[in-house]
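Chains A and B, in that order, give the protein sequences. Numbering-wise, my numbering puts 461 at position 77 of the first sequence, and it's gapless, one number per residue. Numbering-wise, my numbering puts 78 at position 76 of the second sequence, and it's gapless, one number per residue.
Just so you know, the hints here were simulated from the structure itself, not pulled from any lab data. Note that this is a predicted model, so its numbers are computed, not measured. For every residue, glycine included, the Cβ atom is placed at its ideal position computed from N, Cα and C. Wrong hints could be hidden among the right ones.
Simulated restraints, written as ranges between beta carbons of each label pair [unchecked claim]:
id	chain 1	residue 1	chain 2	residue 2	range
1	A	E422	B	A56	28 to 36 angstroms
2	B	V76	A	P423	20 to 28 angstroms
3	B	R83	A	T435	42 to 50 angstroms
4	B	L99	A	P423	26 to 34 angstroms
5	A	D477	B	Q86	28 to 36 angstroms
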Amino acid sequence: TQLLEQSPQFLSIQEGENLTVYCNSSSVFSSLQWYRQEPGEGPVLLVTVVTGGEVKKLKRLTFQFGDARKDSSLHITAAQPGDTGLYLCAGGDNAGNMLTFGGGTRLMVKP
Amino acid sequence: GAGVSQSPSNKVTEKGKDVELRCDPISGHTALYWYRQSLGQGLEFLIYFQGNSAPDKSGLPSDRFSAERTGGSVSTLTIQRTQQEDSAVYLCASSLLRAQYFGPGTRLLVL
């Protein structure tokens with residue numbers, strides 16, 4: 385069974401601070417996706433990384449896939465209240481069809 | 003364009019009753035997934051449909067849970083003889099390639 389562990393589970397920070405969320409596994413994934421979910425809504429895809437060592441930037445968000453494709457990180461620079469939400473990582477199988485989700489990191493950014 | 007829609011948005015039922023949850027995927031998406039999410043937690047995979055292939059039911063927690071996908075489009079998740087532990091948000095997602103697009107979910111409360 386493939387498992388993804390996210391840390392921290394909860395994070396409360398002030399506006400303007402930086403933060404990093406981690407997603408770790410003992411299994412190798414063909415791809416790694418990050419989603420953000422707001423209350424009352426379904427998760428929304430932020431990024432997909434597929435190559436070991438890959439780094440993708442989306443405005444103030446930086447995503448990294450580990451060299452061995454077992455772990456990933458999400459770094460947010462100068463967090464804003466609008467970044468508040470549940471961040472989920474998900475590892476993809478070789479066929480690219482099935483995703484294994486981590487337990488999520490609940491982020492609160494206070495103004 | 004239209005995203006994934008789910009109905010009802012909220013469902014309150016009594017223990018022992020049957021419930022049906024509906025998912026309308028994005029037109030043209032061949033894959034459809036059902037997940038369950040407990041309050042503020044990650045996503046638990048339930049069942050996966052891909053085209054005309056037999057569904058992957060490996061995530062269904064008990065034989066009280068079943069799902070159908072008619073005509074390769076709309077899907078219904080049925081929970082028979084509901085129990086209080088079935089209370090959760092049930093999310094549906096559809097996919098054409100790797101990214102999954104989620105509906106807003108159905109919040110089920112079993113009293």
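Quiz item: Okay, R83 of chain B versus T435 of chain A on CB: inside 42 to 50 angstroms?
Solution: At 47 angstroms between Cβs, range holds.
Self-check item: Range agreement (Cβ of Q86 of chain B with Cβ of D477 of chain A, hint 28 to 36 angstroms)
Solution: Distance hint for D477 of chain A, Q86 of chain B holds at roughly 33 angstroms.
Quiz prompt | E422 of chain A versus A56 of chain B beta-carbon gap, inside 28 to 36 angstroms or not | solution = Given about 35 angstroms between the Cβ atoms, the range holds.
Self-check item: P423 of chain A and V76 of chain B - C-beta distance against the hinted 20 to 28 angstroms
Solution: Once the Cβ atoms are compared, 26 angstroms apart, the range 20 to 28 angstroms for P423 of chain A and V76 of chain B holds.
Quiz prompt | Supplied distance hint 26 to 34 angstroms, evaluated on CB atoms of L99 of chain B and P423 of chain A | solution = holds, 28 angstroms
Violated hints for the displayed structure: none, as all numbered hints are satisfied.
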